[in-house]
Amino acid sequence: MSLAFDEYGRPFIVIKDAESKKRVKGLEAQKANILAARTVARILRSSLGPKGMDKMLQSPDGDLTISNDGATILEQMEVENQIGKLLVELSRSQDHEIGDGTTGVVVLAGSLLEQAEVLLDRGMHPIRVAEGFEMAAKVAHETLDSISEKFDFSAENLEPLINTCMTTLSSKIVNRCKRDMAEYCVKAVMAVADLERKDVNLDLIKVEGKVGGSIEDTSLVYGIVVDKDMSHPQMPKVIEDAKIAILTCPFEPPKPKTKHKVDIDTVEKYEKLHETEQKYFADMIKQCKDSGANLIICQWGFDDEANHLLYKNELPAIRWVGGVEIELIAMATGGRIVPRFVELSEDKLGKAGKVKEVSFGTTKDNMIVIEDCANSKAVTILVRGGNRMILEETKRSLHDALCVARNLVKDNSIVYGGGSAEIACSLAVEAASDKVKGVEQYAMRAFAEALDAIPLALAENSGLAPIESLTAVKAQQVQEGNQRLGIDCKDEGTNDMKKQNVFETLIGKKQQMMLATQVVKMILKIDDVITPSGYA
Amino acid sequence: MASLAPGGYMGLQPPIILLREGTDSSQGVPQLVSNINACIAVVDAVRTTLGPRGMDKLVYDERGQTTISNDGATIMKLLEIVHPAAKLLVDISKSQDSEVGDGTTTVVVLAGELLKEAKPFVEEGVHPQTLVSAYRKACKVATDFIKEFSTTIGDLSVEEKHDVLHKCAMTSLNSKLIAGEKEFFAKMVVDAVSKLDQNTLDLKMIGVKKVVGGTLRESFLVDGVAFKKTFAYAGFEQQPKSFDKPKMLLLNVELELKSEKENAEIRLTDPSQYQEIVEAEWAIIYEKLDKCVKSGAQVVLSRLAIGDLATQYFADRGMFCAGRVPEDDMHRVAFATGGMVQSTVNDLNDEVMGECNKFEERQVGNERYNLFTGCPLAKTATIVLRGGAEQFIEEAHRSMHDAIMIVRRAVKNAAIVPGGGAVDMEMSKVLRNYSRTLMGKEQLFINAFAKALEVIPRQLCDNAGFDSTETLNKLRQKHAMQSDEGKHFGVDIDTGGVTDTYKSFVWEPVLVKRNALQAATEATCLILSVDETVRNPASEQEQGMGRGRGGMGGMGGMGGMGRGRGRGMMR
Numbered sequence: 001m002s003l004a005f006d007e008y009g010r011p012f013i014v015i016k017d018a019e020s021k022k023r024v025k026g027l028e029a030q031k032a033n034i035l036a037a038r039t040v041a042r043i044l045r046s047s048l049g050p051k052g053m054d055k056m057l058q059s060p061d062g063d064l065t066i067s068n069d070g071a072t073i074l075e076q077m078e079v080e081n082q083i084g085k086l087l088v089e090l091s092r093s094q095d096h097e098i099g100d101g102t103t104g105v106v107v108l109a110g111s112l113l114e115q116a117e118v119l120l121d122r123g124m125h126p127i128r129v130a131e132g133f134e135m136a137a138k139v140a141h142e143t144l145d146s147i148s149e150k151f152d153f154s155a156e157n158l159e160p161l162i163n164t165c166m167t168t169l170s171s172k173i174v175n176r177c178k179r180d181m182a183e184y185c186v187k188a189v190m191a192v193a194d195l196e197r198k199d200v201n202l203d204l205i206k207v208e209g210k211v212g213g214s215i216e217d218t219s220l221v222y223g224i225v226v227d228k229d230m231s232h233p234q235m236p237k238v239i240e241d242a243k244i245a246i247l248t249c250p251f252e253p254p255k256p257k258t259k260h261k262v263d264i265d266t267v268e269k270y271e272k273l274h275e276t277e278q279k280y281f282a283d284m285i286k287q288c289k290d291s292g293a294n295l296i297i298c299q300w301g302f303d304d305e306a307n308h309l310l311y312k313n314e315l316p317a318i319r320w321v322g323g324v325e326i327e328l329i330a331m332a333t334g335g336r337i338v339p340r341f342v343e344l345s346e347d348k349l350g351k352a353g354k355v356k357e358v359s360f361g362t363t364k365d366n367m368i369v370i371e372d373c374a375n376s377k378a379v380t381i382l383v384r385g386g387n388r389m390i391l392e393e394t395k396r397s398l399h400d401a402l403c404v405a406r407n408l409v410k411d412n413s414i415v416y417g418g419g420s421a422e423i424a425c426s427l428a429v430e431a432a433s434d435k436v437k438g439v440e441q442y443a444m445r446a447f448a449e450a451l452d453a454i455p456l457a458l459a460e461n462s463g464l465a466p467i468e469s470l471t472a473v474k475a476q477q478v479q480e481g482n483q484r485l486g487i488d489c490k491d492e493g494t495n496d497m498k499k500q501n502v503f504e505t506l507i508g509k510k511q512q513m514m515l516a517t518q519v520v521k522m523i524l525k526i527d528d529v530i531t532p533s534g535y536a
Numbered sequence: 001m002a003s004l005a006p007g008g009y010m011g012l013q014p015p016i017i018l019l020r021e022g023t024d025s026s027q028g029v030p031q032l033v034s035n036i037n038a039c040i041a042v043v044d045a046v047r048t049t050l051g052p053r054g055m056d057k058l059v060y061d062e063r064g065q066t067t068i069s070n071d072g073a074t075i076m077k078l079l080e081i082v083h084p085a086a087k088l089l090v091d092i093s094k095s096q097d098s099e100v101g102d103g104t105t106t107v108v109v110l111a112g113e114l115l116k117e118a119k120p121f122v123e124e125g126v127h128p129q130t131l132v133s134a135y136r137k138a139c140k141v142a143t144d145f146i147k148e149f150s151t152t153i154g155d156l157s158v159e160e161k162h163d164v165l166h167k168c169a170m171t172s173l174n175s176k177l178i179a180g181e182k183e184f185f186a187k188m189v190v191d192a193v194s195k196l197d198q199n200t201l202d203l204k205m206i207g208v209k210k211v212v213g214g215t216l217r218e219s220f221l222v223d224g225v226a227f228k229k230t231f232a233y234a235g236f237e238q239q240p241k242s243f244d245k246p247k248m249l250l251l252n253v254e255l256e257l258k259s260e261k262e263n264a265e266i267r268l269t270d271p272s273q274y275q276e277i278v279e280a281e282w283a284i285i286y287e288k289l290d291k292c293v294k295s296g297a298q299v300v301l302s303r304l305a306i307g308d309l310a311t312q313y314f315a316d317r318g319m320f321c322a323g324r325v326p327e328d329d330m331h332r333v334a335f336a337t338g339g340m341v342q343s344t345v346n347d348l349n350d351e352v353m354g355e356c357n358k359f360e361e362r363q364v365g366n367e368r369y370n371l372f373t374g375c376p377l378a379k380t381a382t383i384v385l386r387g388g389a390e391q392f393i394e395e396a397h398r399s400m401h402d403a404i405m406i407v408r409r410a411v412k413n414a415a416i417v418p419g420g421g422a423v424d425m426e427m428s429k430v431l432r433n434y435s436r437t438l439m440g441k442e443q444l445f446i447n448a449f450a451k452a453l454e455v456i457p458r459q460l461c462d463n464a465g466f467d468s469t470e471t472l473n474k475l476r477q478k479h480a481m482q483s484d485e486g487k488h489f490g491v492d493i494d495t496g497g498v499t500d501t502y503k504s505f506v507w508e509p510v511l512v513k514r515n516a517l518q519a520a521t522e523a524t525c526l527i528l529s530v531d532e533t534v535r536n537p538a539s540e541q542e543q544g545m546g547r548g549r550g551g552m553g554g555m556g557g558m559g560g561m562g563r564g565r566g567r568g569m570m571r
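Chains as they are written, first to last, in my numbering: chain A, 1 to 536; chain P, 1 to 571.
I should point out that these hints are in silico values taken from the structure, not numbers from a laboratory.
Quantities reported herein were computed from a predicted structural model and do not represent experimental measurements.
Distance ranges between label pairs, derived from CB positions:
#: 1; chain 1: A; residue 1: R179; chain 2: P; residue 2: K228; range: 35 to 43 Å
#: 2; chain 1: A; residue 1: G123; chain 2: P; residue 2: T469; range: 15 to 23 Å
#: 3; chain 1: P; residue 1: N252; chain 2: A; residue 2: R388; range: 45 to 53 Å
#: 4; chain 1: P; residue 1: D61; chain 2: A; residue 2: S154; range: 52 to 60 Å
#: 5; chain 1: A; residue 1: K31; chain 2: P; residue 2: M481; range: 42 to 50 Å
Ideal Cβ positions, reconstructed from N, Cα and C, are used throughout, including at glycine.
Using the sequences and the hints, build the whole thing.
Right, dumping it as structure tokens:
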């Protein structure tokens with residue numbers, strides 16, 4: 001804090017705990033902030049692109065996570081620095097909104113800050129730098145619009161969607177069977193999509209994992225997979241043409257919610273009580289039977305007595321199914337959730353072509369698979385993998401791909417990947433900058449240079465000579481006027497991303513640039529950091 | 001030390017102890033000067049946030065919470081100022097915030113400068129009260145002048161009025177993080193405010209929702225109410241999520257299967273009675289649900305929980321429900337749709353039902369939102385803010401709040417002045433001229449007041465990295481011109497030169513300026529009129545220890561307890 005002195009020449013205490021507070025001001029603060037942000041960005045840089053590497057993170061409890069997903073890595077790293085945290089949130093918000101491109105956005109922000117630092121050293125006002133970046137981002141935004149392409153897809157022709165999802169998956173651990181994975185994702189999204197409203201509720205797609213088998217064994221189930229088993233081991237394992245009663249009441253005598261007490265003072269009364277209880281069980285089973293159900297799914301449990309009775313009456317049952325699953329099952333089978341036995345009737349039953357209990361490998365793990373549902377508005381992707389870490393990473397990758405597919409349903413514009421869009425924007429911004437009066441011109445040029453960081457990192461991670469490849473592609477883009485040229489990461493012999501089928505969503509790319517610019521502006525605008533003691 | 005009264009002559013007698021031991025007090029001119037110094041130190045902390053090129057502050061508190069802000073009131077609050085005189089500055093920025101909403105930095109900077117100008121006079125032995133009365137006089141002249149100088153927009157057509165409001169909102173947003181999208185947000189703010197009931201302009205009727213993710217441009221204005229999907233039970237997804245012209249039932253009733261009375265106990269002697277009790281309980285809830293359905297409503301909202309049974313019951317009947325709707329959202333829904341919140345389900349009729357044009361559930365970022373749009377009585381609006389990080393949205397929210405307040409004020413008090421320091425320069429000129437008509441010391445003091453006003457354009461230049469002296473001289477020349485053409489000139493933030501800010505649409509509502517001027521003058525006068533600070537030690541003991549440590553260490557021992565930490569000052 002700036003010091004002031006009173007009439008005796010003693011320093012003032014104007015602010016609480018002034019001495020233990022740290023304060024960094026002016027250019028020094030900006031430099032420190034930029035350094036922190038760049039450090040975070042540098043960690044992610046090597047994860048970018050199809051040949052990007054994974055990070056292994058150990059949590060305080062010793063849990064391991066191996067991931068290539070920017071948002072996940074940053075979240076697990078537990079960044080302490082406040083500016084670092086901003087970048088974590090940046091990548092998280094990209095994750096929430098788009099689901100993909102979480103690494104790219106951080107790398108871009110880091111690169112922008114690196115360029116900004118040079119300008120600050122030259123004495124440019126930080127806000128003018130930020131304003132220049134904003135102007136440049138607008139140009140880039142327009143450029144992206146102009147180079148984007150719309151493609152048509154329909155329920156029959158899913159090829160373009162699958163290709164885009166494949167681009168997303170190619171940087172992940174699952175890339176050896178990305179074709180299958182991409183197909184599952186697209187099919188799953190199309191199954192739940194409301195094409196008229198262009199709305200996709202991802203809650204309806206369940207991604208369930210089970211350790212064992214290999215990634216190739218992953219499958220798409222038009223229906224629900226529940227991690228439960230039949231309540232009685234001797235109940236049938238496969239039920240064809242299942243009529244499902246979905247119950248939220250337990251198999252036991254009903255209890256009033258009000259506090260109650262039954263006074264039993266004679267043997268007769270006791271016997272009567274027992275009798276009534278027995279009757280309840282019999283009635284419940286009868287009500288189920290009468291409705292025509294041949295499978296009971298219950299949110300609550302039931303005791304051995306009820307279980308035995310169910311078995312006796314050849315009513316297979318599943319108990320302790322969670323609320324979310326109950327809901328999904330109801331939606332998929334077109335059934336209604338029934339809160340009381342008396343309300344059971346035939347029209348409230350859900351219908352499924354096949355319900356089976358599947359066991360995995362040699363373990364005793366069982367799962368119930370409900371397939372061929374009446375209304376397959378709910379789907380499940382059942383992921384298999386050698387170990388838990390691969391499983392988790394596959395789930396995350398699938399989430400990314402699902403998001404991409406969803407975004408394409410919302411807006412079917414795409415740009416080409418492989419850094420081609422960035423190079424095109426970089427060229428456009430560079431050209432536009434010459435027409436700008438004032439010092440913002442420099443900032444715009446810096447923005448153009450910062451955009452090059454993405455193709456550079458891509459080339460570097462793929463083992464190519466970064467500068468050489470970038471300059472070659474850039475020159476080629478200008479000469480041929482073809483904005484689809486990017487870095488040939490997969491070494492396929494062509495730079496044309498259209499031929500390589502490398503697509504990214506337009507909104508994803510736009511979002512990356514806008515978000516990165518906004519966060520950079522926020523960081524540049526801070527000239528004063530006040531910290532209580534104990535925080536670095 | 002003032003607590004000791006000199007006892008008797010020759011100092012032989014021990015001093016008489018007037019105040020409790022440990023009490024620290026100081027008085028007279030030196031303490032006045034030190035109070036001024038303390039205030040100036042605080043002002044230094046916020047002055048760089050002023051204007052379109054103002055910087056932001058990042059403040060963490062002990063819990064590790066981070067705030068990044070440009071808003072004067074917010075920063076002042078977070079600084080945790082303990083010096084009694086300096087605390088006054090926090091209060092005036094707070095009062096500016098609640099009264100006008102914007103100009104919270106301006107008021108602090110202005111007060112600091114007024115004190116700075118007063119300091120040399122105090123040191124030279126001018127009686128503070130003379131200064132106070134001169135400052136008050138100057139303030140009155142200046143406020144009268146603003147009224148005259150302003151342009152009223154009261155009798156403009158609706159479109160023109162909108163245009164003016166738009167400009168005011170843009171000026172307010174200029175200095176904020178979201179300046180890059182100021183046109184976009186200014187429009188949003190003006191639209192939102194114009195949706196309100198023009199007589200009351202109740203701020204509560206504008207809801208602001210924050211959803212992390214997305215870019216600023218994806219923020220949107222809902223002509224009606226929006227709130228986040230509430231906690232839902234199984235069965236919720238089976239409800240329809242979109243209605244055209246739904247009828248809405250607003251409840252303050254718990255729709256759950258539960259015991260009707262707390263602590264009631266039932267004693268049964270016969271097991272067959274059991275069923276009756278159970279049936280009775282179910283009957284109660286079913287009756288309630290049935291009444292809701294019969295009312296013809298398609299959307300049921302409740303402040304209290306809507307249980308799984310009810311959720312499924314409504315789903316079965318093609319209705320939508322949401323329980324645990326936050327109170328202020330409920331209030332807004334009621335207001336917008338014309339419905340009345342019912343605390344019972346008896347006697348539902350069409351009159352208490354709300355209505356809107358469209359209801360739908362929509363994905364916003366990672367969340368699902370319930371949107372009610374096109375309400376008949378829509379005197380409410382909801383702004384959904386999007387942005388890359390939490391702190392980012394928080395700051396955007398604060399900025400929007402400022403802009404909303406400005407527009408609201410401008411609607412009510414429809415007069416504006418040019419910004420960019422133009423009005424301050426003109427006031428300064430008027431005061432200088434006025435001072436020449438006066439005899440005596442006041443002339444000097446009013447001149448000082450006039451000089452202090454120049455701090456606004458000076459700080460604007462400094463923050464933008466321009467040579468403030470040069471720009472200020474240009475401005476003085478423009479404003480001193482005989483003809484009136486120079487009176488609207490202010491700082492041109494892009495080039496460092498001067499420009500007619502009236503023509504470049506940098507406009508502020510009069511109220512902001514007037515309130516800032518008055519609050520700053522009041523605070524200054526208050527500080528100037530204090531001649532003794534008494535700090536009472538005992539009441540500070542418990543919580544004071546922690547604070548004291550830092551202070552003592554720095555001063556190497558007793559006796560030096562900074563009198564700054566007192567609470568004895570009048571407030």
